[in-house]
Amino acid sequence: MADSKRLAFVPPRYGDEVVGGSEALMREAAHGLAGRGWEVDVLTTCARDHYTWANAYPPGEFETGGLTVRRFPTVHDTDPMVADAVLRRILVGVPVSAEEELSWVTGFFRVPELYHHLVAQGAGYRAVILSPYLFWTTVVGATACPERTVVVPCLHDEAFAYLSIFRPVLADVAQVWFLSEPEHELAHRLGPVAADHSVVGCGVPIPARYDPEGFRARHGLGSRPFVLYAGRREALKGWDDLLRGYTTAVTRLGVDIDLVTVGVGTVDPPESVAGRVVDLGFLPEDEVADAFAAAAAYLQPSPNESFSRTVMESWLAGTPVIASSAGAVVEWHCRRSGAGIVYRDDDELAECLALAADAPERLAALGRRGRDYVLANYTWDAVLDRMEAALGTLP
Amino acid sequence: MFGPYPPMPGPAADATLDGVRRLLAGGCDVRVISPRPSAAHDHADLRRPAGAWRFARFAAGATELVVHLDRELLTSPARRGQLPARLALAAALRSARHSVVHLPAGVEPGEGWARLVLRAADEVVSDGADGAARRSGPAAVAAPTPDADRPAWDLGPDPSREEIEAEVRRRAALHRAARRAAAGGGGPGPAAGSGRGGGDALRRLRSLPLLGPSPPTSARPLAGLAKKVVRRLTVWQVDPIIEHVNLLHRALIEAAEPRPEADGGPGGAADGH
Numbered sequence: 000m001a002d003s004k005r006l007a008f009v010p011p012r013y014g015d016e017v018v019g020g021s022e023a024l025m026r027e028a029a030h031g032l033a034g035r036g037w038e039v040d041v042l043t044t045c046a047r048d049h050y051t052w053a054n055a056y057p058p059g060e061f062e063t064g065g066l067t068v069r070r071f072p073t074v075h076d077t078d079p080m081v082a083d084a085v086l087r088r089i090l091v092g093v094p095v096s097a098e099e100e101l102s103w104v105t106g107f108f109r110v111p112e113l114y115h116h117l118v119a120q121g122a123g124y125r126a127v128i129l130s131p132y133l134f135w136t137t138v139v140g141a142t143a144c145p146e147r148t149v150v151v152p153c154l155h156d157e158a159f160a161y162l163s164i165f166r167p168v169l170a171d172v173a174q175v176w177f178l179s180e181p182e183h184e185l186a187h188r189l190g191p192v193a194a195d196h197s198v199v200g201c202g203v204p205i206p207a208r209y210d211p212e213g214f215r216a217r218h219g220l221g222s223r224p225f226v227l228y229a230g231r232r233e234a235l236k237g238w239d240d241l242l243r244g245y246t247t248a249v250t251r252l253g254v255d256i257d258l259v260t261v262g263v264g265t266v267d268p269p270e271s272v273a274g275r276v277v278d279l280g281f282l283p284e285d286e287v288a289d290a291f292a293a294a295a296a297y298l299q300p301s302p303n304e305s306f307s308r309t310v311m312e313s314w315l316a317g318t319p320v321i322a323s324s325a326g327a328v329v330e331w332h333c334r335r336s337g338a339g340i341v342y343r344d345d346d347e348l349a350e351c352l353a354l355a356a357d358a359p360e361r362l363a364a365l366g367r368r369g370r371d372y373v374l375a376n377y378t379w380d381a382v383l384d385r386m387e388a389a390l391g392t393l394p
Numbered sequence: 000m001f002g003p004y005p006p007m008p009g010p011a012a013d014a015t016l017d018g019v020r021r022l023l024a025g026g027c028d029v030r031v032i033s034p035r036p037s038a039a040h041d042h043a044d045l046r047r048p049a050g051a052w053r054f055a056r057f058a059a060g061a062t063e064l065v066v067h068l069d070r071e072l073l074t075s076p077a078r079r080g081q082l083p084a085r086l087a088l089a090a091a092l093r094s095a096r097h098s099v100v101h102l103p104a105g106v107e108p109g110e111g112w113a114r115l116v117l118r119a120a121d122e123v124v125s126d127g128a129d130g131a132a133r134r135s136g137p138a139a140v141a142a143p144t145p146d147a148d149r150p151a152w153d154l155g156p157d158p159s160r161e162e163i164e165a166e167v168r169r170r171a172a173l174h175r176a177a178r179r180a181a182a183g184g185g186g187p188g189p190a191a192g193s194g195r196g197g198g199d200a201l202r203r204l205r206s207l208p209l210l211g212p213s214p215p216t217s218a219r220p221l222a223g224l225a226k227k228v229v230r231r232l233t234v235w236q237v238d239p240i241i242e243h244v245n246l247l248h249r250a251l252i253e254a255a256e257p258r259p260e261a262d263g264g265p266g267g268a269a270d271g272h
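As you go down the protein sequences, you meet chains A and B in turn. Numbering-wise (numbering that gives the first Met the number 0), the first sequence opens with residue 0 and increments by one. Numbering-wise (numbering that gives the first Met the number 0), the second sequence opens with residue 0 and increments by one.
Hints are computed from structural coordinates only; laboratory data are not their basis. A hint or two may mislead.
Simulated restraints, written as ranges between beta carbons of each label pair [unchecked claim]:
| no. | chain 1 | residue 1 | chain 2 | residue 2 | range |
| --- | --- | --- | --- | --- | --- |
| 1 | A | Ser197 | B | Asp199 | 26 to 34 Å |
| 2 | A | Ser197 | B | Glu162 | 33 to 41 Å |
| 3 | A | Val198 | B | Ala200 | 25 to 33 Å |
| 4 | B | Ala255 | A | Arg188 | 24 to 32 Å |
| 5 | B | Ile240 | A | Arg335 | 47 to 55 Å |
| 6 | B | Leu209 | A | Asp48 | 33 to 41 Å |
| 7 | A | Arg231 | B | Ile240 | 27 to 35 Å |
| 8 | B | Ile240 | A | Glu286 | 42 to 50 Å |
| 9 | B | Trp235 | A | Arg231 | 33 to 41 Å |
| 10 | A | Val81 | B | Asp28 | 43 to 51 Å |
| 11 | A | Thr67 | B | Leu224 | 36 to 44 Å |
Okay, the calculated bits of chain A under chain B, using three or more residues with CB under 8 Å as the criterion [said to hold, decoys possible]:
| no. | segment |
| --- | --- |
| 12 | 8–18 |
| 13 | 204–213 |
| 14 | 284–292 |
| 15 | 306–315 |
Small disclaimer: the values here were computed from a predicted structure and weren't measured. Even for Gly, the Cβ is constructed at its ideal location relative to N, Cα and C.
My request is simple: use the sequences and hints to build the entire structure.
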């Protein structure tokens, strides 16, 4: 018999040091709903690293922040090179069979103990909430008790989303929660979606204060204007495109503005702009908030965002956003909020950077509109209200 | 430093040696690679795939990479043989902090060389028949002339995002038109953001991770040991293949990347590969 106030959150990784948009969403939503009186279990793996999925935490149960966290060990009993070979074919658009899709999903890790826990205990939850769509825990977990499963897919318009193995994840569960309208539209383009679905969004914590001058002083940035990029410095996140556009702006237009970047991954700027690109590496959350406040604009070059938390963080700090038109979700936010501008190629990015350098006051109003947009739509209170309303319609 | 080297006779070898002397006089730690065995530290025959990979391995990560290309390599009729050399050179030039390519006098490199190799260098020097060197940087391929006097922004004091985007696009279109005019191309050229198919292909290429050897591990202890032994025995044969595949991968990405001078200009045609 289902406990009407008991929930299970099932992220593939969990922990304060685990970095990722979906992981942050699951962690903060779990704590948020626990704070509203729900009894929340987090069922997750012992893995910390999403490249190796090796068991880093001990298995077992512990309490934290009002939640019960239960970790299950990952199992690696298939050849990862087989999965890697299928992955490469998927990435370049070569069709793969259903059997190959399954070998890819199971090739990196399996968590049979977690699955069987859901089979045995799933009926005791009001809802079992799985995220993101891409991993074994969601694909296989959704089959344990589909009648009370909620999926938060965090879809991107990428090759994986079109695989047939993910169709039941969106169609054969009780509810689907999307983070944005473009993600919702993408899901319908991919195939059938469970009848009960809604756009709930994602909450963003609101810093109590910002210290842009302190940030500049702590990191030796002086008074020079800069644009900011925060996140993974990888080609898939548009980092290479950003560097190319920034180089165009500096070498071709003579734009006098620095590029400050925080996050993980290799920076590797061209020699012609190396002196202007400042890599601050991985910074704690409160320091990143100050970085947003100190920047003339925030750059979001990624085509693969299901929500874009960093854009919201920038707007909360009153900083305007310059985004690539390749990302449908971010463009949607920019249009809806009136707080960001989009570029279509290197020339337009260079002109956007020129504006940030020449006339930053023309962009200032955008930042103010952005803060209003986030406060109106994406506080955790507002998002949790929408989640609870959706949970209320489950049978 | 790559190029013909003593005891090979001829001006090309002399030029390489002169360059080495200058660098040594400047206190640099110099490593010389020549196309054939010579007085150089190493040799790598860029006409052969194994030689091209060997060169890329020697030259990877150089602070300063100076490459003297010889006439034979540039004018070889065996087009298929040129591709490994171009890939290796382009990769090495990009990985160096600063790179210079010297072209022999009187030789005009073909479109494939210009697009793949010369564009990767920081400077291209044409050694004249009179001994004078005519330098050109990437300016020869794409013209970055900083425009310090940008026109004023045609925006009100509190513009909307639509007004800002429209002004950005207007100014970007002016720059594209100016580049096309400078390149001698006619017509409007492709619009911004066009070429969606090419963009998808480029994204797929970029998302593909570089190839690496399979880790010699196994949950079964003896199987892991066997894999380690096999890896040691075959590394000499497998690693060059992996390196070559990754070079091809990078070259494909570079070939698929949009080129500013391609808007309405010449080029873009395959050169027989």
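Of the numbered hints stated earlier in the document, which are not met by this structure? 6, 12, 13, 14, 15
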